[in-house]
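Number of protein chains: 2
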Amino acid sequence: MIYIAILGFGTVGSGVEEVLRKNAAEISAHAGQDIAVKYILDIRDFSATPYEKLCVHDFSVIENDPDVSIVVETIGGARAAYDFTKRSLLAGKHVVTSNKELVAAHGAELLEIAKERNINYLFEASVGGGIPIIRPLTQCLTANRVLEISGILNGTTNYILTNMLKNGETFDAALRQAQQLGYAEADPTADVDGIDTCRKIAILSDLAFGREIRPDDIDTTGIRSVTLADAKYAERAGCVIKLLGRAVVRNDGKLWVYVAPHLVARECILSNVDDVFNAIRVTGDAVGDVVFYGRGAGKFPTASAVVADVIDAVKHMKTRRYLGWNGVEPGKVAALGDMESVFYVRSDCTVQEAAEVYGAVVMLSEKDDTERAFLTAVMPTAKAYAAADALRSRGIAVHSIFRKL
Amino acid sequence: MIYIAILGFGTVGSGVEEVLRKNAAEISAHAGQDIAVKYILDIRDFSATPYEKLCVHDFSVIENDPDVSIVVETIGGARAAYDFTKRSLLAGKHVVTSNKELVAAHGAELLEIAKERNINYLFEASVGGGIPIIRPLTQCLTANRVLEISGILNGTTNYILTNMLKNGETFDAALRQAQQLGYAEADPTADVDGIDTCRKIAILSDLAFGREIRPDDIDTTGIRSVTLADAKYAERAGCVIKLLGRAVVRNDGKLWVYVAPHLVARECILSNVDDVFNAIRVTGDAVGDVVFYGRGAGKFPTASAVVADVIDAVKHMKTRRYLGWNGVEPGKVAALGDMESVFYVRSDCTVQEAAEVYGAVVMLSEKDDTERAFLTAVMPTAKAYAAADALRSRGIAVHSIFRKL
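Those protein sequence lines, which keep their order, are chains R and L.
First residue of the first sequence: 257, per the numbering used here; consecutive thereafter.
First residue of the second sequence: 257, per the numbering used here; consecutive thereafter.
Treat the hints as calculated values from the structure; they're not laboratory data.
It is possible that some hints are incorrect.
Note that the list lumps identical chains together, so a pair holds whenever it fits in one copy or between two copies.
To be verified - Below, computed lysine-lysine pairings styled on DSSO-like, alpha-carbon distance capped at 27 Å:
| id | residue 1 | residue 2 |
| --- | --- | --- |
| 1 | Lys660 | Lys623 |
| 2 | Lys510 | Lys639 |
| 3 | Lys660 | Lys555 |
| 4 | Lys371 | Lys574 |
| 5 | Lys488 | Lys660 |
| 6 | Lys371 | Lys571 |
| 7 | Lys422 | Lys660 |
| 8 | Lys309 | Lys294 |
| 9 | Lys342 | Lys574 |
| 10 | Lys571 | Lys555 |
| 11 | Lys588 | Lys278 |
| 12 | Lys422 | Lys342 |
| 13 | Lys510 | Lys278 |
| 14 | Lys623 | Lys422 |
| 15 | Lys574 | Lys639 |
| 16 | Lys488 | Lys623 |
Isolated chain R (complex conformation) (with noise of 0.2 Å):
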C-alpha cells in the first residue's frame, strides 16, 4: 500500500481524490501496488463530509509521517506551495503537481532537490491539463533536435477567441460567460493577459532545450486587445485568432520565445482547435510536425495526468526520471525584433498611408469600413512596430497589431 498527501482540495484535488477512488482497480493493476490516500491539507474544515478523518491544517503531520511516500500538491501559487513542495522533496518524499507557476518559477531548484534525494518532481499536469506532452517530450522526442513549439496552452483565452469568432460576441461578454461557466477565474488576469500561457511555453522550452528560460524572458501579449472586428477581418484572411505560446529556434542556436495573438490559417490544424481544447505542436528535424490535442483545463482531465504521474511514482519509487534543465544561459532567449513574419495590422490610416509606411499591403477592409485592416508581406517585427510608431507620430490610431502564423 502506497499512501499519498494530497495538498489542497480545490477542483484538482478533489478531482484526484474522486479519480484514485472510482478507477482504483485500473490504478492498482497499473501501478502494481494499492494507492490510499492518507492526507487532505487544506485551509478550510471537512467536518461532516466524508473526509473529516484525512483532513489535517497542519503541513509539519504530512512532513513528519515517514508512511507518505508521495505529496500530490495541487494548492497552486508559488507561496505555501513552494515551501511544501521544498519540504517534502527534503523529507524524500515524491511530489506531483499541476502548478504551472511553481514548475516555471522554481522547478530547476526543485528538481535538483529531487535529483540529490533520488526522487521524482513530476508535473505533466502543469501544461495541457490532461494531455499527454511532458512525457511525449521528454521521452519520445528524444531523437529529434527540436525546431519549434507553438501552442494553444490556454483555455480559458481559447474560449473567448471562439466566442468571439463563432457567435460575434465581445471580449466582455465572452468574459463573462467563460467566468460564469466557471473556466475564468473572478481576476481573469493570469489567463487574459498570456501569464498563463508564458509560464507553460517555458516549462515546454525548458525540457524541448535544456536550458532554464525565466518567464520573465519572455515577451508576452495577451487578447485584451483583440476585438470583434479583427476576429471578423481574420475571417475575410482566411484565419482564425488564436493566442499561442511560441518558442521557434533560430539559426545560430538562439530562441525566440514569445505569447502573443495570432492569425492562424484555416488550413492550420491549430486553427481547428476551439473552445476550452487546448493543442501543442512539436516540430522536430526527423519527425516533422506533431501535434497533441485535448482538454487543457477542468477538474478530471487535469486530475488523470496527476494521478498518472502518481501511477508513475510508484513505479519509480527507487529509481529517478530523467527530467531537468540547465541553469540560464544568457543571451539564449533573443529579442523578437529580427524575427520575421507576415503581420495584421488595423488602424484608422488610408490605405495610401498603409502602402507609404508598410509598403506593399493585402487590404482585408472594404472601401466602405471605416479604418483599414490589412497583412503586410513578411518582414522583421522591429520593423513592423516601427511603421505603427510612423503611423502613430502622425496622429494615426493603430488599434491592433498581430503576428500571423
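Position chain L against the provided structure of chain R, taking the given hints into account.
Chain L in isolation, oriented as in the chain R frame:
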C-alpha cells in the same frame, strides 16, 4: 559506449542510422552514453559504401557478440524478423522495432521472453510512425478507463482518400500516384485492404485493454469499395471518408474492434487529418478525448520513434519497461451485429425502396442523380446489412454501405 545492430537496412533501417549520426550529440546527452552502430544485417551487399565494414549477412555474428546490447529490427514481416527477434531476446539483447505485423501477431510471446530476461522489447514506431502514442497510452493515460480508440492509422489509404475527395481523382489514379510517390507498395494489399490498420488497432487494443486482441478477430474492411461518387455524397453530408481502426468498449466490458471506411463529420477533428498524416483519438473516462497527430510513416518520422526507443533502452539497461498484456480472453471481442450507428448507403434503389427497408432516411442524392445515396437513422449493424440484403434479394444493387462516425 552502447553498441547496436540494425537488422534490415531499407527505408526505416537506413533512417535510423542517419538520425543516430546526425543528432549524435543530442542523442548522447539524452541517453547518457554514446551509441554506435556495430553491425548492419541485410541481404544486399554494401561494398564500396560507407557501410561496408558494418555489413554482415549472418545473424549469428550479432547474436553471439556480447558487445551488442540493443538490436533494431526493421526487416518487417513475421518470418526472419520473428526468428531474429526471438534469438536476440534469448541472447539477452534489448530489441526495438517498427514492425507492426510482428508485434500484432507475436507481441505477447516476445514480451514474455523479454520479461523473463528482464530486458525490453519496444515498439513505439509500430503504430503511428513518428507520433508518440504507445508511451502516452501506457504511461500518461493510466488513471483512465479507456472507453474508445479511433484512429486514422494508415498513411497510404488516407493519401488516396484525401486525393479522391480534394482533387476528384479516382481510386485507381490516386493509388497509382501514391505508388509513384513511394507511399504505397507495389502490392498495396496490406494498406488498401485495411490489414495494416487492423494490426495497429490490435496493438493499441492489446495495450489499452490488457488482453491480446488477435488480428483475426478484427472485422476488417478496406477502401477498395470507396468510389468518387461516395466522396461526392459524403461532401454533401458535410463529411469526409476516412478509413478508421476502432476499439469501442461496450457496457458489458466486451469490445467492438473493427476496421472500416467511415463518413466523418467535418466538425470532428479526425476529418482534418489529410494526406499521409495519421491521428489517433483516445477517449478516457477522466481525460475525455485526446488526439495524437503527425506523420504516420516515412523514413525519418519512423526512425525518430525507433531511435527514441533505443535511447529509452539505453536508459533502462537494467530495468524493464512495464509493457505487456494478458492472453486472449475468449468472447472479449464481440460481433458487430448489435453495434449501433448511422449508416451511409449508396444503391440503385428508389426513394420508396430505401424508406421501405431502412425506414426514415436522409437523402443525399438529388432527383436527377442516377442512384440513391442516403443516411439512415441510428440502427444496429445487423439491421443495416439485413436491409441491404433485402434490397439485393429484389435484384437492386447496393454499391456502398459505410458507418458514420
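- Tell me, in ascending order, the numbers of any earlier hints that this structure violates. Failing hints, ascending: 3, 12, 15.
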